[in-house]
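Protein chains: 4
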Amino acid sequence: MEEIVTQFIEKPKLEKPVFVEGLPGVGNVGKLAAEHLIDEIDAVKFADIYSKHFPPQIFVNEDGTIKLVNNELFYKKAEKGGQSDLILLVGDYQGLTPEGQYELADVMLGIAKEFGTSRIYTLGGYAVGKLTEKPKVYGAATSVELVEEMKKIGATFSKTDPSGGIVGASGLLLGLGKMRGIDAICLMGETSGYFVDPKSAEAVLKVLTKALNIEIDFAELEAKAKQIDQITSKIRELEENIPRPKKDDLGYIG
Amino acid sequence: MEEIVTQFIEKPKLEKPVFVEGLPGVGNVGKLAAEHLIDEIDAVKFADIYSKHFPPQIFVNEDGTIKLVNNELFYKKAEKGGQSDLILLVGDYQGLTPEGQYELADVMLGIAKEFGTSRIYTLGGYAVGKLTEKPKVYGAATSVELVEEMKKIGATFSKTDPSGGIVGASGLLLGLGKMRGIDAICLMGETSGYFVDPKSAEAVLKVLTKALNIEIDFAELEAKAKQIDQITSKIRELEENIPRPKKDDLGYIG
Amino acid sequence: MEEIVTQFIEKPKLEKPVFVEGLPGVGNVGKLAAEHLIDEIDAVKFADIYSKHFPPQIFVNEDGTIKLVNNELFYKKAEKGGQSDLILLVGDYQGLTPEGQYELADVMLGIAKEFGTSRIYTLGGYAVGKLTEKPKVYGAATSVELVEEMKKIGATFSKTDPSGGIVGASGLLLGLGKMRGIDAICLMGETSGYFVDPKSAEAVLKVLTKALNIEIDFAELEAKAKQIDQITSKIRELEENIPRPKKDDLGYIG
Amino acid sequence: MEEIVTQFIEKPKLEKPVFVEGLPGVGNVGKLAAEHLIDEIDAVKFADIYSKHFPPQIFVNEDGTIKLVNNELFYKKAEKGGQSDLILLVGDYQGLTPEGQYELADVMLGIAKEFGTSRIYTLGGYAVGKLTEKPKVYGAATSVELVEEMKKIGATFSKTDPSGGIVGASGLLLGLGKMRGIDAICLMGETSGYFVDPKSAEAVLKVLTKALNIEIDFAELEAKAKQIDQITSKIRELEENIPRPKKDDLGYIG
Numbered sequence: 028m029e030e031i032v033t034q035f036i037e038k039p040k041l042e043k044p045v046f047v048e049g050l051p052g053v054g055n056v057g058k059l060a061a062e063h064l065i066d067e068i069d070a071v072k073f074a075d076i077y078s079k080h081f082p083p084q085i086f087v088n089e090d091g092t093i094k095l096v097n098n099e100l101f102y103k104k105a106e107k108g109g110q111s112d113l114i115l116l117v118g119d120y121q122g123l124t125p126e127g128q129y130e131l132a133d134v135m136l137g138i139a140k141e142f143g144t145s146r147i148y149t150l151g152g153y154a155v156g157k158l159t160e161k162p163k164v165y166g167a168a169t170s171v172e173l174v175e176e177m178k179k180i181g182a183t184f185s186k187t188d189p190s191g192g193i194v195g196a197s198g199l200l201l202g203l204g205k206m207r208g209i210d211a212i213c214l215m216g217e218t219s220g221y222f223v224d225p226k227s228a229e230a231v232l233k234v235l236t237k238a239l240n241i242e243i244d245f246a247e248l249e250a251k252a253k254q255i256d257q258i259t260s261k262i263r264e265l266e267e268n269i270p271r272p273k274k275d276d277l278g279y280i281g
Numbered sequence: 028m029e030e031i032v033t034q035f036i037e038k039p040k041l042e043k044p045v046f047v048e049g050l051p052g053v054g055n056v057g058k059l060a061a062e063h064l065i066d067e068i069d070a071v072k073f074a075d076i077y078s079k080h081f082p083p084q085i086f087v088n089e090d091g092t093i094k095l096v097n098n099e100l101f102y103k104k105a106e107k108g109g110q111s112d113l114i115l116l117v118g119d120y121q122g123l124t125p126e127g128q129y130e131l132a133d134v135m136l137g138i139a140k141e142f143g144t145s146r147i148y149t150l151g152g153y154a155v156g157k158l159t160e161k162p163k164v165y166g167a168a169t170s171v172e173l174v175e176e177m178k179k180i181g182a183t184f185s186k187t188d189p190s191g192g193i194v195g196a197s198g199l200l201l202g203l204g205k206m207r208g209i210d211a212i213c214l215m216g217e218t219s220g221y222f223v224d225p226k227s228a229e230a231v232l233k234v235l236t237k238a239l240n241i242e243i244d245f246a247e248l249e250a251k252a253k254q255i256d257q258i259t260s261k262i263r264e265l266e267e268n269i270p271r272p273k274k275d276d277l278g279y280i281g
Numbered sequence: 028m029e030e031i032v033t034q035f036i037e038k039p040k041l042e043k044p045v046f047v048e049g050l051p052g053v054g055n056v057g058k059l060a061a062e063h064l065i066d067e068i069d070a071v072k073f074a075d076i077y078s079k080h081f082p083p084q085i086f087v088n089e090d091g092t093i094k095l096v097n098n099e100l101f102y103k104k105a106e107k108g109g110q111s112d113l114i115l116l117v118g119d120y121q122g123l124t125p126e127g128q129y130e131l132a133d134v135m136l137g138i139a140k141e142f143g144t145s146r147i148y149t150l151g152g153y154a155v156g157k158l159t160e161k162p163k164v165y166g167a168a169t170s171v172e173l174v175e176e177m178k179k180i181g182a183t184f185s186k187t188d189p190s191g192g193i194v195g196a197s198g199l200l201l202g203l204g205k206m207r208g209i210d211a212i213c214l215m216g217e218t219s220g221y222f223v224d225p226k227s228a229e230a231v232l233k234v235l236t237k238a239l240n241i242e243i244d245f246a247e248l249e250a251k252a253k254q255i256d257q258i259t260s261k262i263r264e265l266e267e268n269i270p271r272p273k274k275d276d277l278g279y280i281g
Numbered sequence: 028m029e030e031i032v033t034q035f036i037e038k039p040k041l042e043k044p045v046f047v048e049g050l051p052g053v054g055n056v057g058k059l060a061a062e063h064l065i066d067e068i069d070a071v072k073f074a075d076i077y078s079k080h081f082p083p084q085i086f087v088n089e090d091g092t093i094k095l096v097n098n099e100l101f102y103k104k105a106e107k108g109g110q111s112d113l114i115l116l117v118g119d120y121q122g123l124t125p126e127g128q129y130e131l132a133d134v135m136l137g138i139a140k141e142f143g144t145s146r147i148y149t150l151g152g153y154a155v156g157k158l159t160e161k162p163k164v165y166g167a168a169t170s171v172e173l174v175e176e177m178k179k180i181g182a183t184f185s186k187t188d189p190s191g192g193i194v195g196a197s198g199l200l201l202g203l204g205k206m207r208g209i210d211a212i213c214l215m216g217e218t219s220g221y222f223v224d225p226k227s228a229e230a231v232l233k234v235l236t237k238a239l240n241i242e243i244d245f246a247e248l249e250a251k252a253k254q255i256d257q258i259t260s261k262i263r264e265l266e267e268n269i270p271r272p273k274k275d276d277l278g279y280i281g
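Chains as they are written, first to last, in the numbering used here: chain A, 28 to 281; chain B, 28 to 281; chain C, 28 to 281; chain D, 28 to 281.
Hints are supplied without guarantee of correctness; some may be wrong.
For identical chains, the list gives no copy identity; a pair is met inside one copy or between any two copies.
When the alpha-carbon atoms are kept at most 27 Å apart in a straight line, the in silico DSSO-like pairs for lysine-lysine are as follows [claimed, not checked]:
#	residue 1	residue 2
1	38	205
2	205	237
3	233	178
4	237	253
5	186	253
6	43	94
7	179	94
Hints are computed from structural coordinates only; laboratory data are not their basis.
Given only the sequences and the hints, what does the whole structure look like? Please build it.
This is how it looks when you write it as structure tokens:
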């Protein structure tokens with residue numbers, strides 16, 4: 028069995044498509060954003076990517092049939108002037124090992140090249156360790172020109188953030204993309220790091236759709252965000268009501 | 028040394044055999060079930076599978092001779108109309124790494140294809156975290172038709188279970204089998220996840236033997252189930268007799 | 028760089044040599060035994076084995092020069108009738124991964140075959156979790172004939188021990204050796220599992236030298252055993268003098 | 028994608044260059060030393076080394092552009108008699124796995140050979156578990172002659188240190204270098220092991236620059252050392268002010 032198996036359902040004819048990656052990661056921000064975009068623009072699946080670098084696992088669908096864990100590629104043709112054809116990458120997992128990550132990113136870039144991709148956007152979350160009302164969207168890019176372009180549409184660039192760099196597919200597609208001469212931008216929504224974060228996904232999508240000149244509805248994401256908000260509020264309430272030991276009671280610790 | 032070495036003792040001539048997998052896993056349900064079936068139908072070993080993906084380990088037999096850890100294949104010719112020839116896969120271990128799991132499943136499917144396998148059953152346990160009197164047998168399959176067929180003979184299909192999907196050989200043989208166009212079904216016995224579970228293995232075997240139109244005796248499995256029951260009862264008794272701290276004694280915790 | 032690099036210093040002409048393995052493991056029993064044997068019979072080093080499966084590490088010699096971690100092969104020609112030529116394998120480490128273990132054992136067997144090896148002895152420790160005055164030497168072998176032969180010279184064969192099988196090079200050389208048609212025996216000295224155990228190594232060597240018809244001195248090993256005995260006695264004394272909390276003091280735990 | 032990709036910016040013509048390695052490690056001593064040397068002698072970058080053996084990670088520069096994690100090679104031509112041309116190796120990471128370490132060291136040695144390297148210095152830290160005012164510089168080398176040469180310029184050679192050998196690139200370049208017939212020396216600065224240690228890096232550089240007949244300024248390193256000193260002093264102060272439990276309070280422990 029090959030390391031990575033790509034099965035094409037169709038090979039769409041695309042004009043210099045923009046490639047958007049949203050795989051699972053911090054707060055599942057990238058995955059939530061890319062899946063929402065796919066739903067809203069009715070993108071069409073055209074390929075499955077299976078790999079030994081994913082867990083040896085299947086999921087069971089609601090009807091009892093099964094699905095081997097994978098990554099999936101969708102496309103959408105531009106609908107009006109000022110838009111680009113799109114390829115969208117989503118999936119159940121990222122590669123489990125560093126080597127797997129490099130090999131998968133290399134295959135993704137090969138596919139991007141094959142379809143004549145002009146630019147890559149990778150979507151992710153940036154864990155800041157606390158809840159934020161209005162998540163910023165941090166950016167990083169393969170050239171200064173792209174940085175300037177992103178600043179204009181609302182991305183934040185900071186001398187210090189993201190401090191630990193960008194790990195995984197969202198980072199590698201930029202790093203290896205640059206080596207192969209493909210323009211690439213990473214958009215990272217601020218997120219606590221403790222919950223899946225649809226609000227952060229919405230913030231990322233707002234920057235991305237502006238860049239792509241697409242208008243979409245955010246109602247679904249906002250509904251999910253409300254659900255999460257309710258859960259987190261309850262947890263905070265519970266925490267506040269837990270009686271803590273008084274200092275006296277713990278005297279024996281010193 | 029090759030990654031996986033298959034040594035055939037003989038190459039039996041089989042007519043569209045059904046392939047049954049029962050490797051170690053949750054509650055050892057699949058292994059117990061497949062080994063019991065092999066014993067009851069007097070299946071014959073025809074191949075050993077050794078691999079770098081298994082631990083570097085030998086077992087010592089009662090007579091002081093040794094056995095390198097492996098997987099083993101057995102076969103049984105159909106004895107009457109309405110039955111199928113069978114191939115049965117059992118073993119000491121599953122592959123240790125995700126890559127090893129994929130490579131081993133790929134080899135198993137190659138062997139299944141070589142013998143003209145018409146259908147695969149994989150057997151396993153589904154951990155529910157508590158003891159159950161009458162373990163259900165959950166199913167998953169590569170097509171809706173197979174799901175319907177399994178429902179008729181007593182398998183349970185649920186929109187939510189197994190919630191985490193199916194991990195390891197029992198999952199991969201379905202996932203990769205589907206890619207290769209082989210019909211495959213996974214039968215999972217409910218089990219606590221804390222003990223080896225012959226009772227769950229019996230439940231799985233009852234569904235499987237109905238599907239295979241085979242009648243076997245369950246006395247051995249039931250005896251093992253009784254032994255386990257005695258051990259778990261004792262543990263529960265012991266737990267109940269452990270004096271627990273009264274609330275007052277723990278006042279200092281708050 | 029190749030996975031495993033064997034550098035021969037010389038290629039000795041040996042007559043059906045017996046191959047003895049003593050790599051690091053439980054209680055370092057095998058390593059202590061093989062190194063003691065090499066010293067006592069003045070065996071000559073003839074090859075170095077380096078590998079990516081060992082740690083990326085060098086040792087610094089007393090004179091400030093360095094040594095890349097490795098495995099080493101020694102030989103000794105028979106000195107009188109009834110003895111065999113010997114190849115002895117010792118080293119700093121075993122392979123770090125299961126795959127590395129299999130590949131290294133495969134290379135060792137290739138070398139054994141190249142020199143016409145007639146039989147392999149692997150030496151190791153068997154952890155029993157407590158100190159023993161007179162460590163038994165457990166055996167395992169590739170055939171019933173070898174088991175009988177070993178029983179006659181003092182090896183113990185038990186229906187239940189070693190219960191977990193034999194892990195690492197000492198096991199694999201038997202398991203893979205059997206597949207290649209080489210007779211092989213594992214001798215395991217009982218050991219606590221907590222300390223390096225020269226006493227257990229001596230017990231193993233007494234069985235091995237009887238099998239090889241060699242007489243050697245054990246003074247060095249016995250001196251080392253005394254040092255270890257002194258350390259373990261001191262630890263036991265210390266433990267006995269630690270005042271333990273009285274039940275009353277711990278009343279608050281319940 | 029290849030395991031290791033070396034991209035040359037230029038191929039400088041060098042005369043038997045001395046190769047200096049300073050990758051991240053204990054106290055970051057080697058990295059700090061090599062980077063300081065590069066800055067002080069205005070060495071020129073001539074190659075980037077990317078690898079699947081590094082983490083799948085990019086760093087974000089202050090201007091928002093990105094950099095795939097890598098190792099980098101610099102060179103500096105000799106400026107006066109008695110000096111050598113230099114190649115300097117620095118980087119973000121060492122290989123993540125033992126195999127990766129071996130493969131990377133092998134590639135580094137290939138490059139060293141390609142440029143006619145006459146000698147390798149590897150720089151690192153030796154963790155002693157406590158702060159030291161005047162860190163010693165321990166040495167290790169591929170020959171007794173090199174040991175003597177290093178002793179003359181201030182390196183310490185001890186029969187017992189470094190007791191655990193030398194792990195990683197600093198060790199492997201000596202171990203594999205010796206196999207390929209390249210003279211190599213490791214210089215290790217004593218360091219606590221708890222902090223990055225510019226003072227230890229300075230000590231290492233003083234020995235190295237004497238060996239290379241180069242004079243450099245240490246002001247930058249000394250400034251960094253002062254910062255670290257201030258932090259460690261504060262921590263010690265804090266620790267001294269933490270009230271510890273009195274013996275009485277802990278009476279219940281025994």
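Here's how the hints hold up against the structure:
For a Cα distance limit of 27 Å, the shortest separation of residue 38 from residue 205 qualifies both inside one copy, at 25 Å, and across copies, at 22 Å. Only within a single protomer do residue 205 and residue 237 lie at most 27 Å apart by alpha-carbon distance; the minimum there is 23 Å, versus 41 Å between protomers. Taking the shortest Cα distances, residue 233 and residue 178 sit within 27 Å of each other inside one copy (13 Å), while across copies they are farther apart (46 Å). With identical chains, the CA atoms of residue 237 and residue 253 are at most 27 Å apart within one copy only, with a shortest distance of 24 Å there and 49 Å across copies.
For a Cα distance limit of 27 Å, the shortest separation of residue 186 from residue 253 across copies, 25 Å, qualifies, whereas the shortest one inside one copy, 32 Å, does not. In this assembly of identical chains, residue 43 and residue 94 lie within 27 Å of each other by CA distance solely across copies; the values are 25 Å between and 31 Å within a copy. Only between protomers do residue 179 and residue 94 lie at most 27 Å apart by alpha-carbon distance; the minimum there is 23 Å, versus 42 Å within a single protomer.
The earlier numbered hints are all upheld by this structure, with none contradicted.
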